[in-house]
Each structure stands twice: as C-alpha cells, then as structure tokens.
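S.K.: For reference, the chains in residue letters:
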Amino acid sequence: MNPLNEKEIEKIVRLSDGHLSPQEIDEVQALLNADGELAKEYLEQEQISELMKSVFVAEPMPVPVTQEVYWEGIAQKLNRSAAQKDTLQNVPQKVELWRRLAHARRFWAPAMAACLVMGFLVFYESGQHGRQSSYGQSYNEVETSAGVSATTLESDTICIEWITYSSPLQDFTSET
Amino acid sequence: MTGEVDYTSLGDAELIRLSQEGDQAAFGELVRRHRDRVYGQVYKMLSNPDEALDLSQDVWVKAWTRLYQFQGDSPFTTWVTRIAINVCLDYHRKRQRRPAEDSIEELTEKSGEGSWTPVVEMDPQQELDQAERKVLILEALDQLSDEQRTVLEYMYVKQLEYKEIAREMGCSIGTVMSRLFYGKKALGKIIKSILEKRGMNIEDVL
Numbered sequence: 001m002n003p004l005n006e007k008e009i010e011k012i013v014r015l016s017d018g019h020l021s022p023q024e025i026d027e028v029q030a031l032l033n034a035d036g037e038l039a040k041e042y043l044e045q046e047q048i049s050e051l052m053k054s055v056f057v058a059e060p061m062p063v064p065v066t067q068e069v070y071w072e073g074i075a076q077k078l079n080r081s082a083a084q085k086d087t088l089q090n091v092p093q094k095v096e097l098w099r100r101l102a103h104a105r106r107f108w109a110p111a112m113a114a115c116l117v118m119g120f121l122v123f124y125e126s127g128q129h130g131r132q133s134s135y136g137q138s139y140n141e142v143e144t145s146a147g148v149s150a151t152t153l154e155s156d157t158i159c160i161e162w163i164t165y166s167s168p169l170q171d172f173t174s175e176t
Numbered sequence: 001m002t003g004e005v006d007y008t009s010l011g012d013a014e015l016i017r018l019s020q021e022g023d024q025a026a027f028g029e030l031v032r033r034h035r036d037r038v039y040g041q042v043y044k045m046l047s048n049p050d051e052a053l054d055l056s057q058d059v060w061v062k063a064w065t066r067l068y069q070f071q072g073d074s075p076f077t078t079w080v081t082r083i084a085i086n087v088c089l090d091y092h093r094k095r096q097r098r099p100a101e102d103s104i105e106e107l108t109e110k111s112g113e114g115s116w117t118p119v120v121e122m123d124p125q126q127e128l129d130q131a132e133r134k135v136l137i138l139e140a141l142d143q144l145s146d147e148q149r150t151v152l153e154y155m156y157v158k159q160l161e162y163k164e165i166a167r168e169m170g171c172s173i174g175t176v177m178s179r180l181f182y183g184k185k186a187l188g189k190i191i192k193s194i195l196e197k198r199g200m201n202i203e204d205v206l
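Line by line, the protein sequences give chains A and B.
Taking the working numbering, the leading residue of the first sequence gets 1, the next gets one more, and so forth.
Taking the working numbering, the leading residue of the second sequence gets 1, the next gets one more, and so forth.
For the record, the hints were derived by calculation from the structure and aren't laboratory data.
Heads up, some of the hints might be wrong.
[To be verified] Heads up, simulated DSSO-like pairs for lysine-lysine below, C-alpha to C-alpha not over 27 Å straight-line:
| hint | chain 1 | residue 1 | chain 2 | residue 2 |
| --- | --- | --- | --- | --- |
| 1 | B | Lys94 | A | Lys40 |
| 2 | A | Lys7 | B | Lys189 |
| 3 | A | Lys7 | B | Lys163 |
| 4 | A | Lys53 | B | Lys163 |
[Stated by the list, open to error] Rough simulated footprint, nothing fancy, chain A against chain B, three-plus residues with beta-carbon under 8 Å:
| hint | stretch |
| --- | --- |
| 5 | 8-18 |
| 6 | 146-159 |
| 7 | 177-183 |
[Said to hold, decoys possible] Between beta-carbon pairs, the in silico distance windows are:
| hint | chain 1 | residue 1 | chain 2 | residue 2 | range |
| --- | --- | --- | --- | --- | --- |
| 8 | B | Glu21 | A | Lys7 | 14 to 22 Å |
| 9 | A | Lys7 | B | Lys134 | 31 to 39 Å |
| 10 | A | Met118 | B | Gln69 | 52 to 60 Å |
| 11 | A | Glu72 | B | Glu139 | 37 to 45 Å |
| 12 | B | Asp73 | A | Lys7 | 43 to 51 Å |
| 13 | B | Ser74 | A | Arg80 | 27 to 35 Å |
| 14 | B | Met200 | A | Glu37 | 41 to 49 Å |
| 15 | B | Lys134 | A | Ser81 | 41 to 49 Å |
| 16 | A | Gly18 | B | Thr8 | 41 to 49 Å |
Computed from a prediction, not measured in an experiment: that's the story for all the values here.
Virtual Cβ for every residue (Gly too), placed ideally from N, Cα, C.
Here chain B stands alone, though its shape is the one from the complex (with noise of 0.2 Å):
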C-alpha cells in the first residue's frame, strides 16, 4: 500500500487498533473526533476552563498509555469518558491535601495573569444554577447512609454500569437495582427537605 493514511475515513475500531500499535496520528484522530466529549466532562466536574483544558489534555495522556488495555467491552467514548472522570477525581483528591499551594493558584487565576480566556462560555446565571445543584446534591449525599451514596456516585458519578457496580460492591445486578431505587428515594426525601427550608421544591432545581 502507497501514499499517506487517511485517518478521517477510518472507524473508531480501526483508529484504536492502529493506536495500540504505536500509531500517533491515528490516536490524534480519535483526540479530534472526541475531545469535545472530555472536555465537556472535564469542565463539568471542574468548573474551570483554564484547568479543564490542562486536565483535559492529561486525560488523553493517560488514554494514550493504558490504551493496550482497552478491550472494545464498551465504547471508546465511555472508557475515555470514565478515564476523565477518575483524573478528576484524583485531581480532588491532590487539591484538598493541598489546600495553601492551590489558594496561591487561585490567587493567580483570580489576577487573570497567563490564564485562556474560553471561546465558549456558560452564562452565568446557568453556572450559578448549576453549582447551586451541586452544592444541594453534594449535600444530600452526605446525608445517606454509606451503601446508598456509593451506589448513586458509582452510577452517576463514576458512570458506570450495573454489571460493573455489581462487581465493585461484590453483590448481585438485583441489589444494585434495588440499592439504587432506595438511594434515590432516600436522596428524593433529604433534597425535598432542603429545599422546603428555601422556600423551594425539586421542580425549581430541574
């Protein structure tokens, strides 16, 4: 075969086998095709452009080095996705043992010195809604007993399925199921409660 590869008209499939195989252009494609998705996930999860493009960037890092064990079990979109995911979990983590150094950062960021300016910006009122959600949320959650937040954070959070939830907590899809219908009722109840103390209920935060 003669002439360059055109990555653009390969599938995922073919574009993830050529990557395991030392590929860079073709996993230059895949960055293309999904970095939109990352950052999305990145950004929700961060709330900061200027860290959620760095972070973003570290996620592909990381998929470029673990991408041997992608096995095609689910889509690519999903693993790089649940990568995103842990980095920023992992990011939280480092943050809070940290505290001084990031209160420097943030001091930085603040003065607005060497940080991106966002082509795309969330309005402010709808970035203010959504950290109120989940400030509400992250409340309630801590309010449920062990077994039902870390069901919930395995389902929403860590996005995983239920097979795999199943697996993580050592018990069958049928617990997980039912763990989940109780976790979100209980989760139903404390968020209700929260709110009528504002004056509010769920419909106001939807």
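Chain A with its partners taken away, still in its complex shape (with noise of 0.2 Å):
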C-alpha cells in the first residue's frame, strides 16, 4: 500500500472523529469502497477514537439530586469563594498599611528630637518674656524702643494690648 498523503490522513482522521460534513461523508465513504487499504486504516482509526471517547467523552449524567439542592450548594461556594476573595484583597491592604507604619517608624526618632528641642525653644522664650498677672492670665511685655513697651494680654475670651510709655502723661490703653 503507497503511503497516505496528507490529505487523505486529514479525512480520515476527521471522519473517524465525526468532524465531517455529509457530502464530505459520501465523498470519503467512495475512497474507502474503492481502497481496502485505506478502508482498514480507517477502522483502526475508528476503533481507536471510539475507545478514547468511551473512556473520557461523558454523556450528560442525571445529577442526584435536585435543582434546588444542587444551586444551594452552589450559591454556598459562591459566597464562600466570594468571601475568601475578601479576606484576599484585604491583606495585602493591611500588610500595606503596616508595612507604611514600619517604614515611617525610622522617622519617629527625629520627628520626637525635633519636638523636644522645639518645646525646649518655646518654654525657654515663654520664660524669658512671660509673666501672670495678677488675675492669673499670662501676658507679655516687649520693649520695643526705649522708653515704649507693648503688653498683650490674653485670655480665652479677650485679648488686650497696650503700650506703656515711660511718660506717665502719655500712658493710654487700647484694646482690641
């Protein structure tokens, strides 16, 4: 028998895997009457494909129990694998965030340095120039030139200022 050309391995192989239409049928059926050769190649080829279909092509099957069985079942994955989803898109958020604050933590020294010499400055220029008075408010007094000083005096309703100068007949208050 001559080798198959390529052809003729292609109709087989497309008939025997039912992958023909019928005219395509008729046309190889001719060639198999007309070559015993080729006719049992193709029972071989057959065989072999129905072999493999009985094994692994399924026929639909009546599943055991009923549909609304089986779709609550199925509904209960769904929820489930939609809750898994969750918890998945929400852990690399989380680890996102504590990686941040680990990150930011290199920083806390500096910033807790920086906050002290800052409060340090401030208490240090409040003791300078601060007073109380005699009601308890603190007020400051700034000389500004010589002879003239300006006080402000606040408290959580009001603030006053005034500037004293050293000529008692100038002295006057205004307040804001």
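Using the supplied hints, reconstruct the complex from the two chains, each of which is provided in its own coordinate frame.
M.R.: As structure tokens, this is what we get:
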C-alpha cells in the first residue's frame, strides 16, 4: 500500500472523529470503498477513537439531587469564594498599611527629637518674656524702643494690648 | 417592562448575557439546563458520585467567576465541559500530591458515613468494564512518545478542537492531523499487544 498523503490522512482523522459534513462523508466513503487498505486504516482509527471517547468523553448523566439542592450548594460555594476573595483582597492592604507604619518608624526618633527641641525653645522663650498677671492670665511685655513697651494680655475670651510710655502723661491703653 | 422574567423561555445566548451582567437567576437557569452534562463529565473522570456532585458544583462556581471570558466562539456546553475537565484534572493533580489525606477520605467514604446515595448508579459490570478500559488506555498512552500522547490528550481528554490543539502545540492543523493519525495508529498497536497477552482483541473492549 502506498503511504497516505496529507489529504487522505486529514479525511480519515476527521471522519473517525465525526468532524465531516454529510457531503464530505459520502466522498470519503467512496474512497474507502475503492481502497481496501485505506478502509482498514480507517477502521483502526475509528476503533481507537471510539475507545478513547468511551473513556474520556461523557454523556449527560442525571444529577442525583434536585435543582434546588444543587443550586443551594453552588450558591454557598459562591458566597464562600466571594468571602475568601474579600479576605484575600484585604490582606495586602493591611500588609501595606503595616509596612507604611513600619517604614514611618524610621522617622519617629528624629521627629520626637525635633519636637523636644522645639518645646524646649518655646519654654525657654516664654520664660524670658512671659509673666503672670494678678488674675492668673499670662501676658507678654516687649520693649519696642527706648521708654516704650508693648504688652499683650490674652484670656479665652478677650485679648488686650497696650503700649506703655515712660512718661506718665502719655500712658494710655487700647483694647482690641 | 414589568413582571418577572421567564428565564426558561430565554435562549442560552440571552441567559449568558444576563449572567455576565450579574443576574444569578439567569445563571441558575443555565445550570439547570446543562448540569447533567457537567455532572456526567465529572462523574466520568472521577467515578465517584459524591466527589462528582461536589466537584460539578465547583465547576459552576468557576464558570460564574469566568463568565466574562466567554466570547461565544464555541457553544456554552463545550465551554463549561472544558472547565469541568480542567477542574477534574486539577483535582487529580492535587490528589496525587497529598495521598495521605485522600486515603483517610477514602476510608471515610468506604465506611459510608455522610456519603450521598446516587439516584442513578452504573451497572457494576459496566462500571468494571469502564474502569478496565481506562486502565488499558492509560497504560497504552504511557508508552507513546510525548508528542503523540499530548496530541491525543488534547483531543480526547481536554476535548480541544483541531485549531486549539494547533495553537497549544505551536504547529499547523495539518501537523495536528498527522500526529493524531500516527498517534492513534501507535496506540492501536500497543493496545492490541496488551490485549493479545490477555487473550483478547480490541472488539472485546469496545
């Protein structure tokens, strides 16, 4: 027997797998009827195809539970899978937040040191100029020029500023 | 439009479109229509009614989450059957990786506790024949070259189309045909020799 050409191989394979149109089937059948060796090849191919299909290709089989029970199972699995997806989506975010905080820890010590220095400076400055009034409010007195000083008294509700001149005749108070 | 939608009157294409928009009731109708085919495929690959029921539900869960990928290039049944095949193959792979746990599961199954009683059971003789055929084919497939085994697995186990096999194997459809032809020829020879040793011929297992 002459070796089969590509076209013949293709036709035999397609026929044995049921992938030919009715017209093509007739054409191949005519070829097989005319060539006994080709027909033998086809028979072998068809047997193996049948065997493979019988093992791997399935026919529909009734599900042993009702549609309601079956669907309920699917719905539960869907909910579980959605919940897992949510959890999985949240985990990286939490990790990300923790990483950011961990990263920020590198700056905690310098930031705290800066705060302490600032606090000390503010305290030192207020110690230089800040005083306590007889009513307990704090006030600042700044000498702006020779014989003239500006004083600010602050409480929760009012802020009073006045300027004091060394001459008693020019002493006056302005309220804002 | 008022009133409830009668999903049973809709075609698959419309149900798929609605499902892709998030309509679970439409998806439920698709499940009702195709569940027997999916269950049949899973049962065929697992030969265990309890596992088949559970895994066939997993198939639908996977189908729902991947429905946006369905383009309508192939019929919905083919698409969902492929998912079923892949789910089963994954399951087999996982089972092979953890045999200890499975042996415990199998013992539990054998004790009969908590297992389903299938409404439709295969005839025991038929089931035995089927199991024997499967062992015979797997034994024969193992003796093929990688190329021939792969093309036959794509064709009959994964049930891909010729063009899909060509894409997977990076060759032309003509080459796929040729590999299928010579692969089946080689498989036939091996099967015949195995059967001859048992005093049988191929017609006995068909």
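S.K.: Indicate, hint by hint, whether the structure satisfies it.
M.R.: Status of each hint after checking the structure:
1. Lys94(B) to Lys40(A): 42 Å, violated
2. Lys7(A) to Lys189(B): Distance of about 23 Å is within 27 Å: holds.
3. Lys7(A) to Lys163(B): Given pair Lys7(A), Lys163(B) holds - Cα atoms ~17 Å apart, limit 27 Å.
4. Lys53(A) to Lys163(B): 19 Å, holds
5. 8-18: violated (count 0)
6. 146-159: Since 5 is at least three, the answer is holds.
7. 177-183: holds (count 4)
8. Glu21(B) to Lys7(A): 14 to 22 Å: The hint (14 to 22 Å, Cβ to Cβ) is violated, given that Glu21(B) and Lys7(A) are roughly 46 Å apart.
9. Lys7(A) to Lys134(B): 31 to 39 Å: 34 Å, holds
10. Met118(A) to Gln69(B): 52 to 60 Å: 59 Å, holds
11. Glu72(A) to Glu139(B): 37 to 45 Å: Between Glu72(A) and Glu139(B), where Cβ atoms are some 41 Å apart, the hint holds.
12. Asp73(B) to Lys7(A): 43 to 51 Å: 27 Å, violated
13. Ser74(B) to Arg80(A): 27 to 35 Å: Between Ser74(B) and Arg80(A), where Cβ atoms are some 29 Å apart, the hint holds.
14. Met200(B) to Glu37(A): 41 to 49 Å: 25 Å, violated
15. Lys134(B) to Ser81(A): 41 to 49 Å: 31 Å, violated
16. Gly18(A) to Thr8(B): 41 to 49 Å: Distance hint for Gly18(A), Thr8(B) is violated at roughly 31 Å.
Comparing the model with each numbered hint stated earlier shows that hints 1, 5, 8, 12, 14, 15, 16 do not hold.
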